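Chain by chain, the residues run as shown.
Protein chains: 2
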Amino acid sequence: MALLVQKYGGTSVGNPERIQNVARRVLATQREGNSVVVVVSAMSGVTDGLIKLAKEVSSAPTDREMDVLLSTGEQTTIALTAMAINSMGGKAVSLTGAQAGIITSGVHTKAKISNIAPRQIRKFLDEGNVCIVAGFQGQTDEGQITTLGRGGSDLTAIAIASALKADMCEIYTDVDGVYTCDPRVVPDARKIDVIAYDELLEMASSGSKVMQSRSVEFAKKFKVPFEVRSSFNNNRGTIVKEESIGLENVVVRGISLERKQAKVTITHVPDKPGTASRIFTALAKANVIIDVIVQNVSVSGTTDISFTMSSDELEKVGPVIDRISKEVEAGEVLKKGGIAKLSVVGIGMRSHSGVAATLFECLGNGGVNIQMISTSEIKIAVILDESQIDQAAKLAHAAFGLAEGK
Amino acid sequence: MALLVQKYGGTSVGNPERIQNVARRVLATQREGNSVVVVVSAMSGVTDGLIKLAKEVSSAPTDREMDVLLSTGEQTTIALTAMAINSMGGKAVSLTGAQAGIITSGVHTKAKISNIAPRQIRKFLDEGNVCIVAGFQGQTDEGQITTLGRGGSDLTAIAIASALKADMCEIYTDVDGVYTCDPRVVPDARKIDVIAYDELLEMASSGSKVMQSRSVEFAKKFKVPFEVRSSFNNNRGTIVKEESIGLENVVVRGISLERKQAKVTITHVPDKPGTASRIFTALAKANVIIDVIVQNVSVSGTTDISFTMSSDELEKVGPVIDRISKEVEAGEVLKKGGIAKLSVVGIGMRSHSGVAATLFECLGNGGVNIQMISTSEIKIAVILDESQIDQAAKLAHAAFGLAEGK
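If you're matching them up, the sequences are chains A and B in order. In our numbering, each number is its position in the first sequence, counted from 1, plus 616. In our numbering, each number is its position in the second sequence, counted from 1, plus 616.
Looking at chain A on its own, in the form it has when it is part of the complex:
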């Protein structure tokens, strides 16, 4: 008998009908001989409604009270889901984060899970129940209600799967899994059957947002395999797990795209120790989220530093960059929106050469100009004009034979 943890997001439990749908799916899983723990989010729209209410009573609601307020969203879903299962002849009990033994740090609205004491979950499972656990929430050692911040319900599911040593953790969402590229752009994009944690992390940081990186990192750290799949059909999804020899045989797992980017180049930056640090410390203080950073070798005592960010971000922080540039006695600042990033990801890159060559060649042959290049151990990212990103995606997808799954 396998022990499964299933997580259903806000869209999957978005109304009573969908909750009944989830209930049927959970019962079917149990009837196949599995023990099931279900983690649910707030019904879609509920959290936003609560935030709106909070803004109506206070312009700056305190974090502690936001947690008390927002945690009611998931609590509502667990009760409704348990009721639905019970009314279909199943046996289910709901558990709040606190009842499920999810102990967190005391940082309200973005608490970290510090421990899980799944005594109650185990007891209810042993009695033949499905346990329905509220995602996104926990309590501190002192009994204060906390929430885990964005992507928190995924985190709850993976943490519980880890604590219970579950056989699998299924993350149900509104997409079928992770694709080799965005199917709206590349029609023959293929669903990936198995992907390594690091690959998903690189895909996620490059625009393929099936899950928050935080949850994937947590799963990687505790070696919890999980499957991303749709709650609206019975298709198998994408299994995310540790690297293995089989996984390494595939050089490129997928391609992810990020649009609406902007690049900034600070020219003639004095090439002395501490200058780059001064620039990026100042940007961090201004809360600018920087993506790719490229600096080439110094020629004649100065260098050019380029970096990218979202276009929205650039509008906000243009003046900050100009000021910093003056402070470090650099030259001109060039700013340009309308660019995009294409990332080719695969852990097989480590042991295979020629990936960069294949990518640059296919883009060059297709007339796509590469403006910047950045690489990590398992990723090659290129910055392109946004108008060419779809074409570039199709070229790269074909060049790496991703449609055939080789």
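Where hints are given, some of them may not hold.
Because identical chains cannot be distinguished in the list, a pair is counted as satisfied if it fits within a single copy or across any two copies.
Claimed, not checked - Derived SDA-like pairs (lysine to any residue); straight-line CA-CA distance at most 20 Å:
hint: 1; residue 1: K876; residue 2: D664
hint: 2; residue 1: K951; residue 2: I989
hint: 3; residue 1: K728; residue 2: E758
hint: 4; residue 1: K739; residue 2: E833
hint: 5; residue 1: K807; residue 2: G1017
hint: 6; residue 1: K728; residue 2: D757
hint: 7; residue 1: K836; residue 2: E864
hint: 8; residue 1: K707; residue 2: H724
hint: 9; residue 1: K1010; residue 2: A972
hint: 10; residue 1: K671; residue 2: G706
hint: 11; residue 1: K837; residue 2: A676
hint: 12; residue 1: K707; residue 2: A676
hint: 13; residue 1: K668; residue 2: E993
hint: 14; residue 1: K739; residue 2: Q760
To be clear, the hints were calculated from the coordinates, so they are not data collected in a lab. All values derive from a computational prediction rather than experimental measurement.
Given chain A's structure and the hints, the job is docking chain B onto it.
Okay, now just chain B, sitting in the frame of chain A:
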């Protein structure tokens, strides 16, 4: 420095504006030098909305899950109320029933408070906070969420006042207090300043529903004085407390009215032991809520038994009564709707005679026919034709000089 417990019902916290209103009132009370614990209900309409959701996922939601679901209503209000106070420069923390240390029996949807461990409340009060506690809910020794059933928030407030040995418990509602009679019927009805627990209980059981009897009985048992007052103005309300010599000097405290009643008379009931028991046991099994019961002395081996109930009730259970009547070999069954009950209440009755005489005389002089009479130690109730109830109320109110407060 006094310690006050204030309870605000669903109408008083019915929208963000009203919650801010409550916040201002609480802060004003604190600034007068008081320590304040606030108990709040769910915003009006919220509980009904949750029940509707439950019915949409399950035709017969389990009680355990109803408690998990409904308790989110008060949890939402505590967070919003604390936020509102904090945003006005005050210091407030919210506490769920469980966090406030409210321990209950395990009977879901109508749990009883078995203990209060107000460690957290005391700690937060000592730090200068207003404590905002969720009414209507608690948890069992095993950590299961429970709710207290109808009137539960009043019960929470009174229980906390008792546990903290508070100086006063203020029950805020949408009425100004308890009146000598319904002001819509008797225009010169007067708000009662002080009333004894037993008097309020008799008023409540006779249609003056300012509070559930259960909460009044709890307050009486633990000798917790409380004040019923309006959250929409600053008028003093009605203080409810133990009997005292001062209270006993007033013979009649008030008059309460109950309309839409029906009476049933079973004639020629054989006068032998156990017959009345058989009749009322059968009625109880059929879930009939009986109000007044009158049986006169037996003449020639049989007696007539009369009892009243609400008209709605009679429609449902007419056939049951006919069957029972046959079973005990009684005679005819007479059923009549369109009657009402007028109750004159006052603990001073115990030591004064002539109350019945005054009541009967004033009604007789006014041409009001009395169909049934029932008395308790501190109440005289008469059953009248419903069409005469307003006139009867005015006559009795004048006869006992209630407008003058003598």
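So, going through the hints one by one against the coordinates:
1. Within a single copy, K876 and D664 get their C-alpha atoms no closer than 26 Å, and across copies no closer than 45 Å, so neither meets the 20 Å cut-off.
2. Taking the shortest alpha-carbon separations for K951 and I989, only the intra-copy value of 17 Å comes in at or below 20 Å, while the best inter-copy value is 93 Å.
3. For the identical chains of this complex, K728 and E758 are intra-copy neighbours only, at 15 Å inside a copy versus 26 Å across copies, given an alpha-carbon limit of 20 Å.
4. For the homomeric pair K739 and E833, neither the shortest alpha-carbon distance inside one copy (29 Å) nor that between copies (38 Å) is at most 20 Å.
5. Taking the closest pair of Cα atoms, K807 and G1017 come within 20 Å of each other only inside a single copy of the chain (13 Å); across copies the shortest separation is 86 Å, beyond that limit.
6. Taking the shortest Cα distances, K728 and D757 sit within 20 Å of each other inside one copy (12 Å), while across copies they are farther apart (27 Å).
7. In this homomeric assembly, K836 and E864 come within 20 Å of each other (Cα to Cα) only inside a single copy, at 17 Å, whereas the closest approach across copies is 75 Å.
8. Within a single copy, K707 and H724 get their C-alpha atoms only as close as 33 Å, which misses the 20 Å cut-off; across copies the closest is 17 Å, which meets it.
9. For a Cα distance limit of 20 Å, the shortest separation of K1010 from A972 inside one copy, 16 Å, qualifies, whereas the shortest one across copies, 97 Å, does not.
10. Taking identical chains as interchangeable, the C-alpha atoms of K671 and G706 lie at most 20 Å apart only when they sit on different chains, with a minimum of 17 Å there against 40 Å within one chain.
11. For a Cα distance limit of 20 Å, the shortest separation of K837 from A676 qualifies neither inside one copy, at 35 Å, nor across copies, at 43 Å.
12. In the homo-oligomer, the alpha carbons of K707 and A676 lie at most 20 Å apart only across protomers (14 Å), although the nearest pairing inside one protomer, at 42 Å, exceeds that limit.
13. Neither within a single protomer nor between protomers do K668 and E993 lie at most 20 Å apart by alpha-carbon distance, with minima of 43 Å and 54 Å respectively.
14. In this homomeric assembly, K739 and Q760 come within 20 Å of each other (Cα to Cα) only across copies, at 13 Å, whereas the closest approach inside a single copy is 24 Å.
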